[in-house]
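Please work from the sequences and hints to get the whole structure.
Sequence lines, in order, name chains A and B. Just so you know, this note's numbering puts 156 at position 152 of the first sequence, and the rest follows in order with no gaps. Just so you know, this note's numbering puts 532 at position 100 of the second sequence, and the rest follows in order with no gaps.
Please keep in mind that the hints were generated in silico from the structure rather than gathered at the bench. Keep in mind the model is a prediction, meaning the values are calculated, not measured. We treat Cβ as the ideally placed atom computed from N, Cα and C, and that holds for glycine. You may find that some hints are simply not true.
[To be verified] One side of the interface only, derived from the structure: several residues of chain A facing chain B at Cβ under 7 Å:
#, residue
1, R84
2, I96
3, L102
4, P103
5, L190
6, A224
[What the hints assert, rightly or not] Just a sample of chain A residues kept apart from chain B, beta carbon distances all over 12 Å, derived:
#, residue
7, L34
8, F56
9, A67
10, N138
11, D145
12, A146
13, D156
14, V167
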Amino acid sequence: MIVIGVFLLWEIWTRVAGNSELIAPPSSILRALFTEILPDARIRNAIVVALFEILSAYAMAVAGGLAIGVAIGSTNLSRRALFPIVLLLYAIPQVVLLPLFTLGFGIGPAAKIAFGFSHGVLPVIVNVVAGMRNMNPIYLDAARAMGARRSDIFRDVIFPNMVGNFFTGLRLAMTMTLLGVILAELYVSTAGIGYYTRLLATTFDPAPLFALIGILTAMAIGLNEMVRTIERRFTRWKTQ
Amino acid sequence: MKDISSLSARLIQLGIFAIAITAWFVIGRTGAIAPLFVPPIDAVSQATIVLVQTGAFWSSVRVTLMTIAEAYAIAVMLGILGGYAVTRSRFLTDVLEPLVSGLFAIPITLFFPLFILGFGIGAESKVAYGAAYGFFPIALNTIAGFAGVDMRFLNAARAMGFSAAGTFRHVLLPAAFPVVFTGLRIGFFICFASVLGGETISSLAGVGRSIALAAELMEPARMYAWIAAVVAVALLLNKMISLIESRMRGYGGNGN
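Written out as C-alpha cells, the structure reads:
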C-alpha cells in the first residue's frame with residue numbers, strides 16, 4: 005500500500021513540479037522500459053553479462069569462502085593464528101583497491117568477477133569460522149568414537165552445527181558481491197551496465213536511466229530473495 | 433598451555449607477515465610480476481614519504497574527511513530522529529521496519545548515477561550518497577533498540593510517576609543505547625567506505641579520486657602509497673571504536 009502510494013505521489017509530483025532533466029514520472033519510465041531499454045540488444049546483453057558476473061563471483065566466493073573457512077576453523081591453532089588476519093582484511097574498505105583490480109584484470113568482466121569475489125568471500129569465511137567455533141567438542145568426540153570418517157564428521161556433525169552462521173554468511177556475501185560487481189561496473193566499463201548508466205546519466209535522459217536502474221534493482225531484490233528462500237528451506241529443521 | 437598456544441599463534445601471524453613482505457621484496461627485485469601491478473616495496477615506501485610531504489595529499493585528505501563528516505552527520509541525525517519517531521507507534525514500527533530493512537537489501541550503489549545526476553560530481557553527491565548508505569543501519573538499529581525496550585520497564589516507570597522526559601532519560605535511553613551504538617558503528621564504516629567508493633567512481637577531488645588518478649596515470653607506487661594510507665586510517669579507526677565499545681560495555685555492566 006505504502007509502496008503504491010509513494011509511486012502515485014511520485015507521478016503527481018513530477019507531473020506538477022516537472023523538472024524533467026533529473027526525475028522522470030513512473031509512467032514515462034515504464035514507457036522507456038519497453039521502447040528504449042528492452043528492445044536494445046546491446047543493453048539486454050549488458051544486463052545478462054552483469055547477471056553472469058554476479059553469479060560467477062558469488063559461486064566462487066561461496067566455494068572459496070567455505071574451503072578457506074573450514075581450513076582456518078578446523079583447528080584451534082589455525083583459527084587463533086589466521087582468523088585475526090581475516091578480520092584485519094575485512095576491516096579494510098575494499099573500494100580503494102578497485103583501481104588495482106582494473107590494473108590486474110583489465111577492463112572486461114574478469115575484473116568485475118574478481119572484485120565481486122573479493123567482496124563476497126570474506127563474510128563467508130568469517131561466518132564459517134564463527135559457526136565452527138561454537139561447536140561442542142563432545143559431539144566431535146562422540147562421532148569419532150563411533151567410527152565416523154572425516155568426511156562424515158564434516159557432513160553430519162560440523163555442517164549442521166554451523167548451518168545458521170553459514171547462511172548468514174551467504175546472505176551477506178550476496179549483498180557484498182552485488183556491491184562489488186556494481187562498483188566495478190560503474191568504475192570502468194566499456195560495454196556493461198556501468199557504461200550505459202553513465203551514458204544515460206551524462207546525456208540527462210532520466211526515463212531510460214530510471215528504467216535500467218529499475219531492472220537492476222529488481223535483479224538485486226530477486227537474487228537476495230533467492231538466497232533467503234534457500235536459507236529458509238535449509239534451516240527449517242532447526243526451528244522444529 | 434593457553435599461553436603456549438597463543439604464543440605460537442602470534443609466531444604464525446608474524447611469520448605470515450614476514451613471508452608476505454619478503455615475497456613482495458623479491459618480486460620487486462626480480463620483476464616476477466609486472467612492476468606496474470606490484471611495484472617494488474622500497475619504491476612504495478619512498479612514494480609514501482614523498483606523498484605525505486605534499487600539500488596535495490593533505491588537501492585531498494581534508495576534502496574526504498569533510499565529506500565523510502557531513503555525510504555521517506546527516507545519516508546520524510536522520511537515522512536516529514527517524515528511527516526514534518517510528519518506534520513511538522507500534523503500528524508504524526510494524527509497517528515501516530520491514531520496508532526499511534527491505535530497502536537496505538538493495539545496493540544503493542545502483543542509484544549512484546542518480547546522485548551524480550542530481551548533485552553533480554562535486555562533494556555534494558558523495559555527501560548524499562554516503563548519508564544514504566549510512567542512514568539505513570543507523571535507522572534500523574535505532575528502531576530495534578527503542579522498540580525492543582521491555583514494556584514492563586516502561587509500565588513500572590509510569591507507575592512510579594516518571595515524567596515523559598524522565599522515562600526517556602532513565603529507562604528508554606539506557607536500554608536502547610547499546611543497540612543504537614552498534615548501528616552508529618556500522619553506519620560509520622559504511623559511510624566511510626561509500627564516500628571513498630563514490631570518489632573513486634566519479635569525483636573531482638578527494639582520496640578516492642587520487643587513488644583512481646594514480647592508477648590512470650600508471651603510477652603504481654603512488655597508488656600503493658595512497659592505499660596504504662587509507663588502510664592505516666581504517667584500521668586505526670576500527671581499533672579506536674572497538675576500544676570505545678569495550679569501555680562502554682563496562683559502563684553498562686555497572687548499572688546491572
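Verification of the hints:
With its C-beta approaching chain B no nearer than about 4 Å, A/R84 sits inside the 7 Å limit, and its interface hint holds. A hinted interface residue such as A/I96 counts as satisfied when its beta carbon comes closer than 7 Å to some beta carbon of chain B; here the least separation is about 5 Å, so the hint holds. Annotation: interface hint on A/L102 holds; nearest CB of chain B at approximately 6 Å, less than 7 Å. The restraint placing A/P103 at the interface with chain B holds, with a minimum CB-CB distance near 3 Å, inside the 7 Å limit.
The criterion of a C-beta within 7 Å of any C-beta in chain B is met by A/L190, whose closest approach is roughly 5 Å, and the hint holds. For A/A224, the interface hint holds, since its Cβ comes within 7 Å of a Cβ in chain B; the closest pair sits about 5 Å apart. Taking the minimum C-beta to C-beta distance to chain B, about 17 Å, the non-interface status of A/L34 holds against the 12 Å cut. The Cβ of A/F56 sits about 17 Å from the closest Cβ of chain B, beyond the 12 Å cut-off, so the non-interface label holds.
Its beta-carbon lying about 22 Å from the closest one in chain B, A/A67 satisfies the requirement of being farther than 12 Å from that chain. Against the 12 Å criterion, A/N138 stays outside the reach of chain B, whose nearest CB is about 19 Å from its own CB. Non-interface status of A/D145 relative to chain B is upheld: no Cβ of that chain comes within 12 Å, the nearest being about 19 Å off. With a cut of 12 Å on Cβ distances, A/A146 stays outside the contact zone with chain B, its closest approach being about 24 Å.
Interface exclusion of A/D156 from chain B stands, the closest Cβ pair being 28 Å apart, more than 12 Å. For A/V167, the condition that its CB be more than 12 Å from all CB atoms of chain B holds, with the nearest at approximately 21 Å.
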